[in-house]
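Engineer: Knowing the structure of chain G, use the given hints to seat chain X on it.
Number of protein chains: 2
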Amino acid sequence: MAHNVKISNAVIKRLPRYRRYLKELQKKGVDKISSNELSRLIGYTASQIRQDLNNFGGFGQQGYGYNVADLYKEISTILGLDKQYKMVIVGAGNLGQAITNYTHYYKSGFIVESLFEVNPKLIGGKINGIEIRDCDELVEYTEKHNIDIGIICIPKDSAQEVADKLCFAGVRGIWNFAQVDLELPDHVALEEVHLSDSLYSLAYHMNRE
Amino acid sequence: MAHNVKISNAVIKRLPRYRRYLKELQKKGVDKISSNELSRLIGYTASQIRQDLNNFGGFGQQGYGYNVADLYKEISTILGLDKQYKMVIVGAGNLGQAITNYTHYYKSGFIVESLFEVNPKLIGGKINGIEIRDCDELVEYTEKHNIDIGIICIPKDSAQEVADKLCFAGVRGIWNFAQVDLELPDHVALEEVHLSDSLYSLAYHMNRE
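Residue numbers (this note's numbering), protein chains in the order written: chain G, 1 to 209; chain X, 1 to 209.
Same shape as in the complex, but just chain G (with noise of 0.2 angstroms):
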């Protein structure tokens, strides 16, 4: 498989969508899957789908369809989850413990290997069994345990500060739910959840419908 091809942005953004859904088929004991059936489940039209999975080589063969089965793991392994993650959060509120909580039971790819937090009242303790440690201690965990991702559950205006640091101590991926645009250096991933965005469009599309 052609895994170096670069691939358009809005391709990478659908490839998890179709993990889900080929998720749901396995479950449900479906082998093989046609470009058209996937569309009716997923929405996308046929020949989208078509050319979205030939990015990768071409997994469909002519009056077969999909093997779903093969199709769900060769798109595992293109997003990288057939890797391990470590992962620290900063910021332990209830968005930190959501995240933690959330990634503890359902993604065994990406682990939480700590907490860090600014609140006295909050360091110390811990979340799923995951320490809480203080802010200052941030930059020495992450270069000491060779963290990949951090995670930003912190207010907006502190946000850029902490992205730095991390970047400094050597992640290679931040998913930030700040509500601010960060600057990362080019070779740092970076994914942002901006909640009030998403809020907004809601608002904007209930007074249309």
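Mixed in with the good hints there might be a few duds.
[Stated by the list, open to error] Distance windows between CB atoms, simulated:
1. G:LYS144 x X:ASN146: 52 to 60 angstroms
2. X:ASP164 x G:GLY125: 34 to 42 angstroms
3. G:LYS28 x X:ASP186: 24 to 32 angstroms
4. G:ASN55 x X:PRO155: 28 to 36 angstroms
5. X:ASP82 x G:GLN48: 32 to 40 angstroms
6. G:ASP157 x X:GLY129: 37 to 45 angstroms
7. G:PRO155 x X:LYS83: 19 to 27 angstroms
8. G:GLY109 x X:GLY129: 34 to 42 angstroms
9. G:VAL118 x X:ASN128: 14 to 22 angstroms
None of these hints come from the bench; they were simulated from the model.
For glycine and all other residues, C-beta sits at the position ideal for the given N, C-alpha and C.
Structural biologist: For chain X alone, kept in the frame of chain G given last:
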């Protein structure tokens, strides 16, 4: 202003981001800004910015640029942020609590009226003074209090059923955090936050940077 013009989804998705930057500019006491200056801040091209904002009737004046306060206000109105929205949250775990606190402190137009839970240990409790009720009361409460938005913070297996109930009870919008694509009647707006999809995109980019 031409508020009833059909605007593409891509433009709508960018509006909250424009609004965030305009808010920051206002805080800094900036009165007016050119599309070139906005471009340097936001990262879209100046021509993209002019095209986006022209959708709403063209606020900019040749040689002057945009009036920051006016543009901020106009975008807020377009998004429907001059209105108030009554909301219920289904699922009072960490994520439900995080969303409650988040909207409580930061989003004055979005009011959490009640949370709903199936876990008897949580029912009857309060978060930020907001009561946690039994999920069995969801439909009756939602109807009676004319709730506008239902927020789904529960595992995916019961998400569609809860969404159906919320729609039946008259909500106009659903903000879904469950890892499943919901199917709703056409008149109900839907905005989904798929955290896994975002985390997997991050993993992909980390392996490609």
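Engineer: Run the structure past the numbered hints and jot down the numbers of the failing ones, going up.
Structural biologist: When the structure is compared with the hints, only number 6 turns out to be violated.
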